[in-house]
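Chains as they are written, first to last, in the UniProt record's numbering: chain V, 1 to 249; chain R, 1 to 308.
Check each hint, because a few of them may be wrong.
Okay, derived cross-link-like pairs now, DSS-like style, lysine-lysine, Cα gap no bigger than 25 Å in a straight line [claimed, not checked]:
#  : chain 1 : residue 1 : chain 2 : residue 2
1  : V       : Lys241    : R       : Lys277
2  : V       : Lys247    : R       : Lys267
3  : R       : Lys308    : V       : Lys231
4  : R       : Lys267    : V       : Lys227
5  : V       : Lys241    : R       : Lys139
6  : V       : Lys247    : R       : Lys307
7  : R       : Lys307    : V       : Lys231
8  : R       : Lys16     : V       : Lys241
9  : R       : Lys307    : V       : Lys20
10 : V       : Lys16     : R       : Lys307
Honestly, the hints are just simulated from the structure, not real lab data. Fair warning: this is a prediction, and the values are worked out from it, not measured in the lab.
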Amino acid sequence: MKILVPVKRVVDYNIKPRVKADGSGVETAGVKMSMNPFDEIAVEEAVRLREKGAASEVVVVSIGVQQAQDTLRTAMAMGADRAILVLSDESPEPLAVAKVLKTLVEKEGPSLVVLGKQAIDDDMNATGQMLAGLLGWGQGTFASKVDVADGRVVVSREIDGGTEQVSLALPAIVTADLRLNEPRYASLPNIMKAKKKPLETIAAADLGVDMAPRLSIVSVAEPAERKAGIKLGSATELVEKLRNEAKVI
Amino acid sequence: MTALVLLDHEGGQIRKAALSAVTAAARLGDVHVLVTGDAALAQAASRIAGVSKVLHAADARYAHELAEPLAALLVSLAGGYDHIVAAAGATGKNVLPRAAALLDVQPIPDVVSIVDAQTFVRPIYAGNALATVRSADSKKVLTVRSASFDAAPAEGGSAPVEVVAVVDSPDVSRFEAVQLSDSARPDLESARVVVSGGRGMGSEEKFHALDPLADALGAAVGASRAAVDSGFVPNELQVGQTGKIVAPELYMAFGISGAIQHLAGMKDSRVIVAVNKDPEAPIFQVADYGIVGDLFEVVPQLVEELKK
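Bound conformation, chain R alone (with noise of 0.2 Å):
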């Protein structure tokens, strides 16, 4: 059996969510990925271990991963393959069910687990509940968690690349334009360390309270819902089941109550530090360790220590 995963990128880069993809699509057997934008993309596709073919959509239509083409593209080279395989980000989850409408598939997204070639396990309710689903169809359409895989390595591959044919699709949607927020910081789903902050960061200004500890740490920095609608952080920085999903070695929580939407997004992590002024919030509850306390105190004591 073959795969193939549609690699996404972003800002000239595959994204290691991808390569978790990869790592998912090994389980179920031979690897091919579809990659689009540059040839420099497509050589890094190859490198990738693992992979035994790239096929590079070269051509420019293709380059901001619309849905609209790429699902074509998908449809069109489709019959080679019993799975294809996405990361559960915004472009695999914009793309993957438009494609699986168009060859009669009800989609499996967000999956954490491959039980068999046809049974994989997908939390629903935000997590409170784990779905074991058999597909009947004859071609599975998915997404996986990054966080439930492990990623693949980048180097170690050499795979072929072979360019792929442009593929007729309605001419309906244009690429106009994208804000990419330029962090230094790494990546919140891959990240070793997320230090994130809620409601209790009290504003844009002081949620600028964690960069020294999120600096020392060598962590990406996350918020919860509650952050993100005050205004304090943009979106893209939120965890939860409406956010990203990630499970670091160490997450640590400063002013998140601990809503369930937000353990959705978070309690996978190895270990969980939780920082809140309310002993009775909710968070404690799924915290390794807690400090009840004022976290502009702690935050700096944190760093404190950190550099003996």
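Chain V with its partners taken away, still in its complex shape (with noise of 0.2 Å):
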């Protein structure tokens, strides 16, 4: 069983996100960039269901600029055995991309697509969702475990209230949620390893899908600011407060 896992290019988690002055968009330029962590989450599920023995390939794919092959080296080195990248000039929007990869899931046949179930930096939480709709393929997402046996994967998904369960049949797809897994490290020599792991490059113009976007930017802007407020000395006083003065108890 093949695994295929999508791998988006972003801001670092750890980089405060600036507002370009002409309000046009997030600065990126010069900002270090990093693999999504929720795509880090998916890419350690695959590895590990191939560690068991429940698959047999894991496939990483990025579709974006040049400078995200480190992205797929970086899923390499964590285990996966080689890397497609789709070269595109512009941040394409989930639609966009789950067309991309639909085409590409044709042509692999994976059994399971694992992906992140949102990008840090759209916080769209739409492309496994929308790949699956397109595929007809059941959808396990904001998943917090995952079980594939006989011919189906249970996934337990983090709902509003709870946890609940479903079973879908193969092929299926998966959205990964932060207590899916803890991703590992990848070590020294599994980094130079994955240097010399395949990485086949395809231009996104040659699959023949529409990437034009739906969705303009007429601005983007910072939000309000909160101020600072006092400190106080003592519960009396902070109740004293919250009672008199905010008026909310």
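Grab the two chains, each in its own frame, and use the hints to assemble them into the complex.
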């Protein structure tokens, strides 16, 4: 069984994003970029499934600029077997990404596609669901546990008031939530080994997918800043303020 | 123009967040709602103020709001609507993008403000930026943040209920089981007061130090991602970019340092209180009232004061 894991290169999660002065977006030039943290969890889960013998090959794919190669090498250093880079200029929307991934799924024939539940840049939380829709596959989103057996995958899902389990026929889509696993750090020997693993590059234009954005950005702005308030000396003072000044209790 | 709102439910009740989605949809036009489950849920939907028609997907295959059949149903109903809306909760985020893909539409998640019928404001980068986006799609598919729209009154309406026919969909998924945390406390996303704990709570056992305070205030209990990752509390209590987004009248943070990802989930609260040992904790930069001190001393004192 083959597993496909799409990964995205995003502004590193430790960097505080800055809105561009002209309000056209968030500054990414000269900013440290890393693999989307949810995608690391997806890679880890796929590699674990292969290590357990539930899968035979893990293929990672990224859609983006040339530098997304680094992200794919990181995924291979974590244990993915090979990589595909779909070169595109702009940052495509989830609908376009899902269409590109559909063409790759049709070519590669994976039994499982594991994705991060959302990217921490656009916070869309949509690509996995959209790919599942386009393929007509079952979807186990916001997964905290994944069990593959007998041609099905049982996924524990994080829902608003607790957890639920769904059973999906393979092939299927899983999107990873935070508690699914703790991704490993790539060791130096594995980073060296990853440099020799196969990385295929495809031009997005050659896939015949309409990638034109449907959403145009009118503006991007900083949210209103909250001001720091006052420090109080005691619980008595706090309750007095909440009762008589803020009037919230 | 007419909007169709997917009303999500849990434990036999329509979620309060869905009532906020009704309010958001009413800004866009006439409001029809789609609800699954039993007849009592459809009746509850018909009583929501501002709803002019209830579509009831009564068939058992829809009862658990599985994305595969429900998205197919939404697509079959979409023809008559300009907007398809749901609360930005687990159901809306699971079902709507799938339906959008089948409609060849780019969804617009986590809307916090409606500019006009095409233009919406949504946070990106964990709320560190607000993007105003305009959709060129003929239909708009959006999820809305309940913290940004008041809940529509649950009573006052009397919309007619129409049972909708089953639509074919790939038979690839089945519901197995659900574990809901049984809490007598108010729902985290709609509570007036939220009492939250972080890594500073120390352990699962010590996290319960917040219970008497939550009881005294009639508050929901929340937690930071650090507290969830440390195993003190289950994930459904998580407040933050990767958890729930809340905006109560009063948010009290105990032993929470104030990581960006936590602030993304609570910084729109009306009044923020922080109690932390570390005077340099970033949470104090957003708190209206702060106490530098040991939460295990401050919490019992607060409970005593509140009794006075």
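Lys267/R and Lys227/V: Cα distance at most 25 Å? OK: Lys267/R and Lys227/V at ~11 Å, within 25 Å.
Verify the proposed pairing of Lys247/V with Lys307/R, using a straight-line Cα cut of 25 Å. Distance ~16 Å between Lys247/V and Lys307/R Cα, so the pair holds.
Straight-line alpha-carbon gap Lys247/V to Lys267/R, limit 25 Å: 19 Å, holds
Given the hinted pair Lys307/R and Lys20/V, is their Cα-Cα distance within 25 Å? With Cα atoms ~50 Å apart, Lys307/R and Lys20/V exceed 25 Å; violated.
Does the alpha-carbon distance linking Lys16/V and Lys307/R stay inside the 25 Å limit? 42 Å, violated
Has the given pair, Lys308/R with Lys231/V, been kept, meaning a C-alpha gap of at most 25 Å? Answer holds: Lys308/R to Lys231/V is near 22 Å, not above 25 Å.
Holds or violated: Lys307/R to Lys231/V, with C-alpha atoms at most 25 Å apart: 23 Å, holds
Check whether the Cα positions of Lys241/V and Lys277/R lie no farther apart than 25 Å. 21 Å, holds
Compare the distance between the alpha carbons of Lys241/V and Lys139/R with 25 Å, and conclude whether the hinted pair is satisfied. 48 Å, violated
Are the Cα atoms of Lys16/R and Lys241/V separated by 25 Å or less? This hinted pair is violated, its Cα atoms lying about 30 Å apart.
Comparing the model with each earlier hint shows violations of hints 5, 8, 9 and 10; every other hint is respected.
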